[in-house]
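Just so you know, the sequences run in chain order A and B.
When we follow our numbering, the leftmost residue of the first sequence carries the number 1010, and every step to the right adds one.
When we follow our numbering, the leftmost residue of the second sequence carries the number 4, and every step to the right adds one.
Some hints could be false.
Said to hold, decoys possible - Here are a few chain B residues that sit away from chain A, every Cβ distance over 10 Å (derived from the structure):
1. Ser67
2. Ile199
3. Ala222
4. Asp329
Claimed, not checked - DEER-style ranges, computed between Cβ atoms:
5. Arg24(B) <-> Ser1147(A): 25 to 31 Å
6. Ser1077(A) <-> Ala222(B): 33 to 39 Å
7. Val73(B) <-> Ser1077(A): 54 to 60 Å
8. Leu61(B) <-> Ser1147(A): 55 to 61 Å
Because the hints were derived from the structure by calculation, they are not lab data.
Beta carbons are placed, not taken as given, at the ideal position from N, Cα and C, and that holds for glycine.
Next come the chains, spelled out residue by residue.
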Amino acid sequence: MIGCHGVSVSLGNHRVLGDIDFRVERGQWVCVVGPNGAGKSTLLRYIAGIVPGQGALQLSGRAASELSRRRRAQWVALVPQTPVIPDGLRVVDYVLLGRAPHIRPMAVEGPGDLRAVHEALNQLDLLEMADRVVTSLSGGERQRVLLARALAQEAPILLLDEPTTALDVGHQQQVLELIEKLRKERDLTVVTTMHDLTLAGQYADRLVLLDGGRIVVDGPAAHVLTETNVARYYGARVRIIYDRGRPAVLPLREEPGMPRHRPAATATGE
Amino acid sequence: MTVTDSAWPDGPPVTALRPARLRPALLVASGLAVLLAAVAGLVVGPVLISPAAALGDLLGLHTSLSQTEVAIIEQIRLPRVVLGLLVGGTLALSGASYQGVFRNPLADPYLLGAAAGAGLAVTLVIAGGLDGGSTMGGAPLAAFLGALGAVGLTYALGVSGGGRPSTAALILAGVAVGSFLTAVQTYIQQRNQDTIRQVYSWILGRLSTAGWHDVLLLAPYAAVSWIVLLTQRRVLDVLAVGDDEAATLGINVRRTRLVIIVAASLGTAAAVSVSGLIGFVGIIVPHAVRLLAGRSHRVVLPLSLLFGGAFMCAADLLARTIAAPDEIPIGVVTAFFGAPFFVLVLRHSRQNAT
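Work out the full structure, taking the sequences as your base and the hints as a guide.
Take a look at the structure:
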């Protein structure tokens, strides 16, 4: 569904991503993890077409460079980490923005677009909030509204940049369960970035660990989330414990007298 | 991925959704405002004419009006009313579009230097004696070209800064171009003291009494500007989420922004060329509309067009009656009566919100 071959992205003179090669199959949930500044958000923004880069990107077997903006937006929906939410905009109007790629440039929405909005609101249990102002909603409700806009876009590829960062643990689980449900119901291909390694390991089929703009480990959660990897790339002391076959990452307090395990190579990686 | 209708055999109850749309009641209200202002503009003046007779005359009915009264309506007041509707509507619509495309509530039609460019060009024409005597013959064309030239210069500067062009770069380029052109204009004006009064009166703005000539001059540009801007009303709502997100929603941000800037500037330049620099309308009317009817451009653009025209007509009526037989510059009237009116709207909407 998504294929990156030798992708590199530079912002200004700074190379943020280099030699990225990875594929995501249809219906997969891949979680991109890595320390701050590793290039996680940039990777999503590159796939969504916001930042240009070198190399080849394929979306559903077609070269992304051959797709028009509108066509690409019909294939890929992005929920950014800090979305711009205009003042006074109501939920229904915000979700309707997701229909933009399907409406001809000078036209306005038709019944099919309203049906898609209704479907998205219904699926995320937002119908009763349709007339509320988005900025007045709580963090969890707002995250559902963002998801609804992406759903209304009806793109088979869903990119989510830190969908859980601003939420408490209950709402984090709620949002991730929703994403899982939507992925199954709509056969979506999902790529998320995530800071919480335990949640990443619980939900994603596959983890891709980025460090310094390169993919350093790629595989199932148990393969990526090891005490050595977390120490090496995050400079963190953790214990990995397993629950029903899935790893959970438990951060440990530094004990007095013990040297902090952190190689010099990654200390400057941020 | 595809929406199935199976969950609702009769189709889903989408009527429950109420997306932002122009409600018929608001459209009727703004139409009435236009009609009211236009009729008042036709009947009030040194010669009072009954509204019924004036409307009857316009509809081609046989009325009891004298030939002089018919001439006053058809050759003097009607063109002025139509000009007011065109100028006010164009400035308010351009202002609303600028505010949307720059995501900046302080944007007005003169943001990118149109006023300074027109002012300099007109000063050059008048000071240079190129205006063909007393009738300001060359001024409209000069104002039109000056305004467009300044906006073009601003745009070229704004997008040449390297990196991705941003709205902030354009606004700053507008400030630089505006200041520079104004400085040149002030210098030329000071060197030609004998024409200061003429330049000053042009800058304050007025609706001319030149019959249908100015209306015909403005109408084609206004029509193009209105049509283009109104077709962009939905896309302007998408731009409100920022350049990046709008791009992920399939909008070609740069092209859209350029189209809107060109259309709004064309309308503004044409309006300025026949009426001078009338301030305030382009900024206050869209904001009043937003406070009354919501922020969606699908509502704000058409209502700004209509209320802008009505507001300008009413302002012109005041400008020519308050100190009759003298006329007050219309720019003074729009600000003097517009500002308190706006404060009223602001207070009213705050009370509603709480």
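Now for the hints, and whether the structure bears them out:
Non-interface status of Ser67(B) relative to chain A is upheld: no Cβ of that chain comes within 10 Å, the nearest being about 47 Å off. Residue placement check: Ile199(B) keeps its beta carbon more than 10 Å from all beta carbons of chain A (closest about 44 Å). Every C-beta of chain A lies more than 10 Å from that of Ala222(B), the closest at about 22 Å, which supports listing it as non-interface. Listed as a non-interface residue, Asp329(B) keeps its Cβ farther than 10 Å from every Cβ of chain A; the least gap is roughly 44 Å.
The hinted range of 25 to 31 Å is satisfied by Arg24(B) and Ser1147(A), whose Cβ atoms lie roughly 28 Å apart. Between Ser1077(A) and Ala222(B) the CB atoms are about 36 Å apart, so this pair conforms to the stated range of 33 to 39 Å. Checked against the hint of 54 to 60 Å, the pair Val73(B) and Ser1077(A) passes, with Cβ atoms roughly 57 Å apart. At about 57 Å, the CB distance of Leu61(B) to Ser1147(A) agrees with the hint of 55 to 61 Å.
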